[in-house]
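Under the numbering used here, think of the first position of the sequence shown as 44, with each following residue one higher.
Take every hint as true, because none was put in to throw you off.
Only pairs whose alpha carbons sit at most 27 Å apart, straight line, appear in this in silico DSSO-like list of lysine-lysine:
1) K226 with K112
2) K437 with K168
3) K433 with K418
4) K437 with K257
5) K112 with K48
6) K226 with K48
7) K106 with K226
8) K106 with K257
9) K112 with K47
10) K168 with K48
11) K168 with K112
Just so you know, the hints here were simulated from the structure itself, not pulled from any lab data. This structure is a prediction, so every number in the text was calculated from the model and none was measured.
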Amino acid sequence: MSQKKIVAVCFFSMALTMGAITNCSGIFVKPMSESLGYSRSALSMIYSLYSIGQVVIALFSGKIFARFKVSSVMRAGSLAAGIGLAVMGLGRSLAVFYIVALLIGLGMGALCMVPVSLLIKSWYKTGYGLALGIAMSGSGLGGMLFSLIFVNGIQQIGWRSCYLITALAQLVILFPMIRLWVKEAPEVNDKNMNRSSAGSEEPVQGMEVRRILKDCRFWLFAAASVVTYASVSTIHQSAAAYLSDLGCSTEQISLITSGGMLSLAVGKIVLGRIYDRTNARCGTLVCSACGLAALASMICYRSEFAPYAYIVFFGVGYSFGSITYPIVTEALFGNRSFAGINGIYNAVGSLSLSAGVMVASGIYDLYGDYTIAYKLFFILSVAAMAVYIKLIPKE
Numbered sequence: 044m045s046q047k048k049i050v051a052v053c054f055f056s057m058a059l060t061m062g063a064i065t066n067c068s069g070i071f072v073k074p075m076s077e078s079l080g081y082s083r084s085a086l087s088m089i090y091s092l093y094s095i096g097q098v099v100i101a102l103f104s105g106k107i108f109a110r111f112k113v114s115s116v117m118r119a120g121s122l123a124a125g126i127g128l129a130v131m132g133l134g135r136s137l138a139v140f141y142i143v144a145l146l147i148g149l150g151m152g153a154l155c156m157v158p159v160s161l162l163i164k165s166w167y168k169t170g171y172g173l174a175l176g177i178a179m180s181g182s183g184l185g186g187m188l189f190s191l192i193f194v195n196g197i198q199q200i201g202w203r204s205c206y207l208i209t210a211l212a213q214l215v216i217l218f219p220m221i222r223l224w225v226k227e228a229p230e231v232n233d234k235n236m237n238r239s240s241a242g243s244e245e246p247v248q249g250m251e252v253r254r255i256l257k258d259c260r261f262w263l264f265a266a267a268s269v270v271t272y273a274s275v276s277t278i279h280q281s282a283a284a285y286l287s288d289l290g291c292s293t294e295q296i297s298l299i300t301s302g303g304m305l306s307l308a309v310g311k312i313v314l315g316r317i318y319d320r321t322n323a324r325c326g327t328l329v330c331s332a333c334g335l336a337a338l339a340s341m342i343c344y345r346s347e348f349a350p351y352a353y354i355v356f357f358g359v360g361y362s363f364g365s366i367t368y369p370i371v372t373e374a375l376f377g378n379r380s381f382a383g384i385n386g387i388y389n390a391v392g393s394l395s396l397s398a399g400v401m402v403a404s405g406i407y408d409l410y411g412d413y414t415i416a417y418k419l420f421f422i423l424s425v426a427a428m429a430v431y432i433k434l435i436p437k438e
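Produce the entire structure from the sequences given, and follow the hints as far as they go.
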């Protein structure tokens, strides 16, 4: 029963953070721009600051989770995110939005990705990929639910009220769940954790952080992952504005964005199962190929089948940050420094999300067309796949 509660808390944590905040942030760009008069690129900086806040937590995750219990860190994150979202719904100044966006990002870093992967790893000795996929799928289902709420809610009650609803969900639903259900795994060994394997009974193997940071494999995978993750996240974050510019109706945009989130929920479970049944290289290549297919569908969106192709392939492709990072971390470097290295890779992922959105927004501001950015990312993503083939072991 404890394992199921852990998965449930992780699921809701992902749904109410990555799902409701990160995956739906693009929906707010256009109405906020029209309401406040700020450019889309200026408002996209809010999303970038979400990522920067997560980067700060991820970079120090090895030390944070070695010193504090996961439950304590997650409770603090829920409070920070809830308060920040409430201020976001009430603010008017761009400076205020930037400050609270950073606070929200810090809260999100303490709630998802690294803490979720640590909790699942500590409670599941077998079937880790599937359990991780189920927990991480909360971001997809949460994104689907909240995208439906926000697309229609912004028209009915305004974008400010939508932010306040998200804040209420953090404080009233997620915080009590964390307090009541999140516990350390029974076998936790504080001396061995660096929260590396977070208490699993498997032997501690692999390299120390200092040695890993001097290993060229670490930097090659980091560079390739920036391209892969930035590519898929860019089409996701710009989808609502891009489709609106193409003349799609609100109903069509809602269908595509919510369909993409449902695909993400299913895709994480599917990708986790693929990793369990195959190996790190195969799973990563499948994930990357799906990201390329999603990019191609957006480039060719006026094609009859493109919207359906996007929904089908987007979910597995966008699962790179949540599923691939922890799996490849252990495959390349073992579990000795799992928390620290996985945290660094998540920081890289957050920065890549930020960079991708900023590049796409900048290109749009210059040329009035998102497809130029999509084509650029497609070419770079093909090169990244070649790196994975050479770098990641089959076993």
